[in-house]
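Novice: Build out the structure end to end from the sequences listed, making use of the hints.
Each protein sequence line maps, in turn, to chains B and V. Its first residue numbered 69, the first sequence is counted upward by one per residue in the numbering used here. Its first residue numbered 69, the second sequence is counted upward by one per residue in the numbering used here.
You may find that some hints are simply not true.
Treat identical chains as interchangeable: a pair holds within one or across any two.
Unchecked claim - Straight-line Cα separation of at most 25 Å, SDA-like style, residue types lysine to any residue; simulated pairs:
(1) Lys-78 x Gly-316
(2) Lys-346 x Ser-85
(3) Lys-81 x Arg-114
(4) Lys-346 x Asp-106
(5) Lys-71 x Arg-111
(6) Lys-78 x Glu-303
(7) Lys-348 x Asn-96
Calculated directly from the structure, the hints in this document are not laboratory data.
So you can see what is in the structure, the chains are spelled out below.
Protein chains: 2
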Amino acid sequence: MDKIAYLVEKVRKGDVSAMARAMSLVENEMPQAREIMDRLYPRTGRAYRVGVTGPPGAGKSTLTSQLTRRFRRQGKTVGIVAVDPTSPFTGGAVLGDRIRMAEFATDPGVFIRSMASRGSMGGLARRTQEVADILDAAGKDVILFETVGVGQTELDIAEAADTTVVVLVPESGDAIQTMKAGLMEIADIFVVNKADREGADRIKMELELMLQLRPDAEGAGWRPPIQLTVASRGEGVDELLGKIEQHGRFLRRNGLIEARRRARLIHKIHELVTERLKEKFWTEERRQKFEKYLQERMEDTVSPYSFIDELMDD
Amino acid sequence: MDKIAYLVEKVRKGDVSAMARAMSLVENEMPQAREIMDRLYPRTGRAYRVGVTGPPGAGKSTLTSQLTRRFRRQGKTVGIVAVDPTSPFTGGAVLGDRIRMAEFATDPGVFIRSMASRGSMGGLARRTQEVADILDAAGKDVILFETVGVGQTELDIAEAADTTVVVLVPESGDAIQTMKAGLMEIADIFVVNKADREGADRIKMELELMLQLRPDAEGAGWRPPIQLTVASRGEGVDELLGKIEQHGRFLRRNGLIEARRRARLIHKIHELVTERLKEKFWTEERRQKFEKYLQERMEDTVSPYSFIDELMDD
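Specialist: Written out as structure tokens, the structure reads:
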């Protein structure tokens, strides 16, 4: 058996270090990544994927940990993909993330992967989907994505997840007024966390008002519920879990899980094609031409548009 | 003179309806767009570009209006590119935007373009740069980008702007703790708006603390100042303007304006190449193959990775 086949086999069995190794290969875009993903592919599509997003400081990490504990009590295994828990200032994981890592460190039923999102477009890191697929192929029952999200840019998570939980806090009141497309449209469930603070009821009312105005899109019959929680004390988390499960049943009943997975497949194929086209196009020769164009400041005489025409004609 | 040449000529003269028409053609990716941009290109590169970003509700619109008034008093013409002032719920511009439109409606020295960012990745809409180039070619002295930004995703605006202003409010305290890469790294100037509210000094202190830890990147000698403002009453806005001008001088003195513009050019060429590669690749024939792959649920036997190999081999 070759090395990749061996690695893939171990990933399928849920071997922790094989999973970590496969993820690193994929994240660093190593040549083996394609074959690994290709071979793991038939084993994906079983895990239920939950996205947890919201503005910074809303308590997403705490909530994710609380959900994880409850899934574990149900006997389900959990994979957590935490996007961007690193800070450029400390160079390491933020406190909340380190605490969580410690909590689940000895539980083989929980696998946590932190990914930096820096430089990527959108709220999820570039390779998030592949990392989730690895967790899926390794047999994790639930995958939790956790990512900062605000406003208009976080359509990514809605695409990656079966159920998207948008976490707000009482202080987000102002934000809702200008929240616009983004979070409102992607939310399957709203959480008002830190609900022991002033303003929780007001924000709940505002959300309800906005939801009444929301056009019924894909959901066709699903009205996003609003759950108040105090994640730090575990309050409201059982109810939240109930709502996630309810949404899962709703999706299954209406054939929407399949539709969402299909949308992911389409998106993935488009993305991979684009990547490969770029790889193929930017040959050493074309790179050098581009270098020359820049170094000789040719853009004063040849507009970038004409330069591209030239480059494509080769 | 052909139609496009005529349009381009009128844009160069600052004709308002020609500008709007050119922008619509570009935004809607009409076939004429390329030639328009190509012909306008030699006239770009003169405007100074300022990005105003921050969480929803921070008062970015009010601040942008205040800055615009002051630039106008200096005799400078202003182009405003406001990304995503539309709400899917009301279908129109939000109140603040409508008020602003009214304020400057009779001033030919101000041109406002609102763009929806929906579906685009990153904080700026897909065609923002081109719209700014049109404003630039039309002779606007200053271009103000205004966009919602949070955390990790808003590197776009830093790339589009010469000076990036990150607007926070006293309530953003929690956010700073988890702010991470995004806003901290891109800020050339911080504004704490609504500074008459409680907590303004605290957040200023927190920012100063974080800035001390910030590695000195490109800035090489520029330490982002923090300006307290109450934009609704115009307080602190003159000082903010002073800081923007100071940053502009700093960039010029160190040859960094040129460096930033070059980075934009590189990015633009990469993006345009990718777009054209995709256009060329997705022929009717390949689209049909993809359709077939999906419809016949071939993904159960042929993994997406193998399918792409097949598609690329054609």
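Novice: If a hint holds in the structure, say so; if it doesn't, say that too.
Specialist: Hints and how they fare:
Taking the closest pair of Cα atoms, Lys-78 and Gly-316 never come within 25 Å of each other, the shortest separation being 30 Å inside a single copy and 56 Å across copies. For a Cα distance limit of 25 Å, the shortest separation of Lys-346 from Ser-85 qualifies neither inside one copy, at 32 Å, nor across copies, at 37 Å. In the homo-oligomer, the alpha carbons of Lys-81 and Arg-114 lie at most 25 Å apart inside one protomer (15 Å), although the nearest pairing across protomers, at 60 Å, exceeds that limit. Taking the shortest Cα distances, Lys-346 and Asp-106 sit within 25 Å of each other both inside one copy (20 Å) and across copies (23 Å).
For the identical chains of this complex, Lys-71 and Arg-111 are intra-copy neighbours only, at 19 Å inside a copy versus 57 Å across copies, given an alpha-carbon limit of 25 Å. With identical chains, the CA atoms of Lys-78 and Glu-303 are never at most 25 Å apart, being 38 Å at best within one copy and 63 Å at best between copies. For a Cα distance limit of 25 Å, the shortest separation of Lys-348 from Asn-96 inside one copy, 19 Å, qualifies, whereas the shortest one across copies, 28 Å, does not.
Hint check: violations occur at hints 1, 2, 6; the rest are consistent with the structure.
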